[in-house]
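Undergrad: Sequence:
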Amino acid sequence: MEKYKASLELRIDWSEMDLLGHVNNVSYFKYIQAARINLWEQCELSPMFHESDIGPILLSTGCQFRKPLFYPGQIRVETMVEFIKNTSYGLHHKIYNDAGELAAEAHDVIVNYDFKKKVKAPIDEGFKARMMKAGQP
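In the numbering used here, the protein residues as written are 8 to 144.
Simulated from the structure, these hints should not be mistaken for laboratory data.
Note that CB positions come from ideal geometry on N, CA and C, so glycine has one too.
Treat the hints with caution; some may be incorrect.
Derived SDA-like pairs (lysine to any residue); straight-line CA-CA distance at most 25 Å [as the list claims (entries may be wrong)]:
#1 Lys37 <-> Asp20
#2 Lys140 <-> Asn45
#3 Lys140 <-> Glu16
#4 Lys140 <-> Ser59
Pairwise CB distance ranges (calculated) [as the list claims (entries may be wrong)]:
#5 Pro129 <-> Tyr78: 38 to 48 Å
#6 Ala41 <-> Ala106: 13 to 23 Å
#7 Ser59 <-> Leu27: 41 to 51 Å
Take these sequences, add in the hints, and give me the full structure.
TA: And the structure:
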C-alpha cells in the first residue's frame, strides 16, 4: 500500500446496498470515479483542462471484486499511474475495506482529448510530470 501516493477515504452510504445486503457492484465504479477525480485534483489538472479545452475521456474501466463491502463502513481507494503513452494513460486502483482488506482492484484507460477539435490530444511533458508526481512511488 505504500507505493500508492494518491489516496481517498470514503464513507459507505446505506443507499449503496443491494437486496442481498452488500454494496452493489455499480457503487465500486462510483468509488473509482471519485479516485480519478481525486488524483486529478492532487495534480492540479482541473485548471489546465479548463484553460486548454483538452481533458480526459474514459476509454475503458474494469473491476475485479475480491471481498464484499457492507454498510456501515469506510473504504480507502489507493490510486497510481500505471503507464503514460502519447495520448493515453492508465490508472490502477485498490479498494480496501475498513479492516484494511483488499476488496477490489480496478484499471482505467483514459484518453487525452481535445474537445474543440474532437480528436485525441498528445500528452505534454508538464502533464506527465504532474501525473507522475501524484500517482507514483
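Undergrad: For each hint, tell me whether it holds in the structure or not.
TA: Hints versus structure:
This hinted pair checks out: Lys37 and Asp20 have alpha carbons roughly 12 Å apart, not beyond 25 Å. For the suggested pair Lys140 and Asn45, the alpha carbons sit about 14 Å apart, so the restraint of at most 25 Å is met. Between Lys140 and Glu16 the CA atoms are separated by roughly 20 Å; this keeps the pair inside 25 Å, and the hint holds. For the hint pairing Lys140 with Ser59, the CA-to-CA distance comes to about 21 Å; that is within 25 Å, so the pair holds.
Separation of Pro129 from Tyr78 is about 44 Å and conforms to the stated range, judged on CB atoms against 38 to 48 Å. At about 21 Å, the CB distance of Ala41 to Ala106 agrees with the hint of 13 to 23 Å. Taken as a hint, the range 41 to 51 Å holds for the pair Ser59 and Leu27, whose Cβ atoms sit roughly 45 Å apart.
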